[in-house]
Amino acid sequence: MPELDVQPFTDGAVLNREYIRAAFRSMLRARLLENKLSSLYKAGKIVGGVYLGRGQEAVSACVGAALVQGKDVFAPLIRDQAGRDAFGEPMIDCTRTYLGSVMGPMKGRDGNIHRGRPSMGMPAMISHLGAQVPLVAGMLFAKRLKGELAGVVGATCIGDGATSTGAFHEGVNLAAMEKLPMVVVVANNGFAYSTPNDRQFACRDLVERARGYGIAGHAVDGTDLLACASVIGNAVQRAREGHGPQMVVAQLLRLSGHGEHDDGSYVPDTMKAGHYGRDCIEVAMRQLVEHGFATVDELFAWQEETAEEVQRSVAQAQQEPTPDPYSDDWRAYSTRLS
Amino acid sequence: MSVTYIDAIREAQLKLLREDSRVFLYGQDIATFGGAFKATKGLAQEFPNRVFDAPISEDAMLGLAVGAAIEGMRPIIEMQFADFSSIAFNQIVNQAATHYYRTGVPVPLTVRLPSGGTPGSGPFHSQSMESIYAHYPGLIVVTPATVSDAYHMLLDSVALEDPVIYCEHKFLYRWLKAKSINGDYLPIGQARIVRPGKHATVVTYSAMVHEAVRAAERLQADGWEIEVVDLRSVKPLDMDTVLASVARTGRLLAVGEAFPWGGVTAEVVARTVSEGFHLLDAPPQRLNSRDTPVPYHPKLWAAHRPTPESIGEALRRLLSF
Ligand SMILES: Cc1ncc(C[n+]2csc(CCOP(=O)(O)OP(=O)(O)O)c2C)c(N)n1
Numbered sequence: 001m002p003e004l005d006v007q008p009f010t011d012g013a014v015l016n017r018e019y020i021r022a023a024f025r026s027m028l029r030a031r032l033l034e035n036k037l038s039s040l041y042k043a044g045k046i047v048g049g050v051y052l053g054r055g056q057e058a059v060s061a062c063v064g065a066a067l068v069q070g071k072d073v074f075a076p077l078i079r080d081q082a083g084r085d086a087f088g089e090p091m092i093d094c095t096r097t098y099l100g101s102v103m104g105p106m107k108g109r110d111g112n113i114h115r116g117r118p119s120m121g122m123p124a125m126i127s128h129l130g131a132q133v134p135l136v137a138g139m140l141f142a143k144r145l146k147g148e149l150a151g152v153v154g155a156t157c158i159g160d161g162a163t164s165t166g167a168f169h170e171g172v173n174l175a176a177m178e179k180l181p182m183v184v185v186v187a188n189n190g191f192a193y194s195t196p197n198d199r200q201f202a203c204r205d206l207v208e209r210a211r212g213y214g215i216a217g218h219a220v221d222g223t224d225l226l227a228c229a230s231v232i233g234n235a236v237q238r239a240r241e242g243h244g245p246q247m248v249v250a251q252l253l254r255l256s257g258h259g260e261h262d263d264g265s266y267v268p269d270t271m272k273a274g275h276y277g278r279d280c281i282e283v284a285m286r287q288l289v290e291h292g293f294a295t296v297d298e299l300f301a302w303q304e305e306t307a308e309e310v311q312r313s314v315a316q317a318q319q320e321p322t323p324d325p326y327s328d329d330w331r332a333y334s335t336r337l338s
Numbered sequence: 001m002s003v004t005y006i007d008a009i010r011e012a013q014l015k016l017l018r019e020d021s022r023v024f025l026y027g028q029d030i031a032t033f034g035g036a037f038k039a040t041k042g043l044a045q046e047f048p049n050r051v052f053d054a055p056i057s058e059d060a061m062l063g064l065a066v067g068a069a070i071e072g073m074r075p076i077i078e079m080q081f082a083d084f085s086s087i088a089f090n091q092i093v094n095q096a097a098t099h100y101y102r103t104g105v106p107v108p109l110t111v112r113l114p115s116g117g118t119p120g121s122g123p124f125h126s127q128s129m130e131s132i133y134a135h136y137p138g139l140i141v142v143t144p145a146t147v148s149d150a151y152h153m154l155l156d157s158v159a160l161e162d163p164v165i166y167c168e169h170k171f172l173y174r175w176l177k178a179k180s181i182n183g184d185y186l187p188i189g190q191a192r193i194v195r196p197g198k199h200a201t202v203v204t205y206s207a208m209v210h211e212a213v214r215a216a217e218r219l220q221a222d223g224w225e226i227e228v229v230d231l232r233s234v235k236p237l238d239m240d241t242v243l244a245s246v247a248r249t250g251r252l253l254a255v256g257e258a259f260p261w262g263g264v265t266a267e268v269v270a271r272t273v274s275e276g277f278h279l280l281d282a283p284p285q286r287l288n289s290r291d292t293p294v295p296y297h298p299k300l301w302a303a304h305r306p307t308p309e310s311i312g313e314a315l316r317r318l319l320s321f
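Residue numbers (the working numbering), protein chains in the order written: chain A, 1 to 338; chain B, 1 to 321.
Don't take each hint at face value.
List time: in silico DSBU-like cross-link candidates among lysine-lysine, alpha-carbon distance up to 30 Å [said to hold, decoys possible]: (1) K198(B) / K146(A); (2) K179(A) / K177(B); (3) K272(A) / K36(A); (4) K146(A) / K71(A); (5) K71(A) / K45(A); (6) K146(A) / K15(B); (7) K179(A) / K41(B); (8) K179(B) / K15(B); (9) K107(A) / K36(A); (10) K42(A) / K272(A); (11) K177(B) / K15(B); (12) K38(B) / K198(B); (13) K42(A) / K107(A); (14) K177(B) / K146(A); (15) K177(B) / K41(B).
Derived list of chain A stretches under chain B, where covered just means 3 residues or more per stretch with a C-beta under 8 Å from a C-beta of chain B [as the list claims (entries may be wrong)]: (16) 120-127; (17) 243-255.
For the record, the hints were derived by calculation from the structure and aren't laboratory data.
Cβ atoms here follow ideal geometry from the backbone N, Cα and C, with glycine treated the same way.
So that you can see chain A by itself, here it is in the shape it has in the complex (with noise of 0.2 Å):
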């Protein structure tokens, strides 16, 4: 969707129906395919773990569809299916590398989440949480000294629990002190793993932590499209004009487990019966309705398509080669040494 690229998110209170919609199709598409790869390591068929994005589909898909493929990067994280879409991974990617097809972008050399195209601007994460964030303002960097940032934004998303990183002090430091056009979105669940907040840092709120790197900072209820949209989505624009990096801790909670290995056990029930326990998936579909982004027909259309969609992707991946030990090159490195 290249023509949001010079188009604000936002008209003063009135958002771009565009970006609305493109945000909410990737939650969907996100959710319909993670619930069908969950069954899948449930009746295990999938290589290795399945790490979920549920209930974080908004903040995901929100960053991801204000960015430009081919423009901009984004380095996704662990729950970040939807913002993978809506930056344009095509879902193939990721049902070859969850059903090791050797077809799909790792080759099955690398699994599940930790998969790119660093070609496109999306490079492939390392487990090392943090590490994206300096490797994301190296990717800026380089784009300044080639005369090709004007315009440009590079994003990458973290949870609560990465914050405690030093690759992420270094990171966003590095950032603010290069006045990178840089947006952190942090998706504070609540939860790293199973470590709660108060295990995990001793400020307030993570959106104080702005202000001692020197970079603007922004909270938003991360259960809300309409909010995330206008409030990622401005992020993001400061950023693209200028203004240097930007940070964006958005409050939910994961509605699944670590992974599916894990079933989230440690979350108290009167966390998962608050506030933060609503479906942002429900509430997108509500809010889209009340303020005419799109008709109940529509969103009905959406799901059918979308799952459709997820049928045909997994049995393609399901039908293609998975590696052959072999006939792969075992190389490691790029020249030809003696």
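Using the hints provided, position chain B with the ligand relative to the given structure of chain A.
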């Protein structure tokens, strides 16, 4: 006129900045100040938009380099001391080293590690990290021992598509001089026979090449002809040259300044034994630093690393077998 080892490193960076617009330098105190060792002296003045001071954030510095390399740049990162690269370890071994294998996109970057001991530098400004990085698939690790190699191997490192750990020895910075920068040229991956001999082979690299040559000169007085092989790069490891030398001498001593547990010398011995057992007339030997942190006091430091004396003794034992 003479050129020092550190002059060569500076000259190589100057040439790279002049000739390759993809190259930029990033490191602590390297811009106006010219670097802790002055390896970038004056470069920021000539290239103010290509030489940058970095915050004290080794992890982020390397993360930035990987990102920039993905974008087609050729960053050269100066670690103030090799020892501090432990903070960047994750970005080097997990991000940079795995990138090509995982994604098919190479990350051409060079990390300059001021390595090895100097008197009075102590446990945290003296380390030799080449063995650690050589352990990881995806990294190239070079250890120049001469002025000409310091120059040419830095140019070659930046030209490679893969991440290169360039270990420059601090002891050689000002002590090692040559008439000119242009000595013999060999590509990365080829070892050099520094001194021909026929009774035993010393395989070594970096500053230890010079200590080994001194030991060999002393043994010559007793009629022993010691061959000294400079590996130049520890990864790739040129076993062809090592085995050809052992085939001539029948005896091997591998010498390194790094800690004794595992590492480059162990690798050389292991491969020689498994690939060239039939060439050996005596059990191959290794000599490394002592198995303690690198000591501070010059008297302790001098006895911690291999010296011409200890190399000489090891050779005599090997020759008497
Ligand atoms: C540096 C590092 N340490 C430990 C881990 C193992 N680990 C994977 S996810 C996770 C929890 C992450 O928590 P958070 O950042 O809050 O994200 P969430 O899982 O809540 O989405 C941990 C500890 C890791 N991946 N990286």
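Run the distance test for K179(A) versus K41(B): straight-line Cα separation, threshold 30 Å. holds (26 Å)
30 Å Cα cutoff - pair K42(A), K272(A): holds (23 Å)
Verify the proposed pairing of K177(B) with K146(A), using a straight-line Cα cut of 30 Å. This hinted pair is violated, its Cα atoms lying about 37 Å apart.
Can the restraint linking K107(A) and K36(A) be considered satisfied, given a maximum Cα separation of 30 Å? holds (21 Å)
Can the restraint linking K272(A) and K36(A) be considered satisfied, given a maximum Cα separation of 30 Å? At roughly 23 Å apart (the allowed maximum being 30 Å), K36(A) and K272(A) satisfy the hint.
Are K179(B) and K15(B) close enough, with their CA atoms no more than 30 Å apart? Cα-Cα ~19 Å, so holds.
Decide if the proposed pair is consistent with the structure: K198(B) and K146(A), CA atoms, cutoff 30 Å inclusive. Violated: K198(B) and K146(A) sit about 54 Å apart, past 30 Å.
Assess, step by step, whether the Cα of K71(A) is no farther than 30 Å from the Cα of K45(A), and give holds or violated. Measuring from Cα to Cα gives roughly 36 Å; hence the hint is violated.
Check the hint pairing K177(B) with K41(B) against an upper bound of 30 Å on the C-alpha distance. Given that 30 Å is the threshold and the Cα spacing comes to 18 Å, the pair holds.
For a C-alpha distance cap of 30 Å, please report whether K179(A) and K177(B) respect it. violated (42 Å)
Mind checking the alpha carbons of K146(A) and K15(B) for me, to see if they're no more than 30 Å apart? holds (19 Å)
Do three or more residues from the segment 243-255 of chain A put their C-beta atoms closer than 8 Å to C-beta atoms of chain B? violated (count 0)
Taken one by one, the earlier hints fail for this structure at numbers 1, 2, 5, 12, 14, 17, listed in ascending order.
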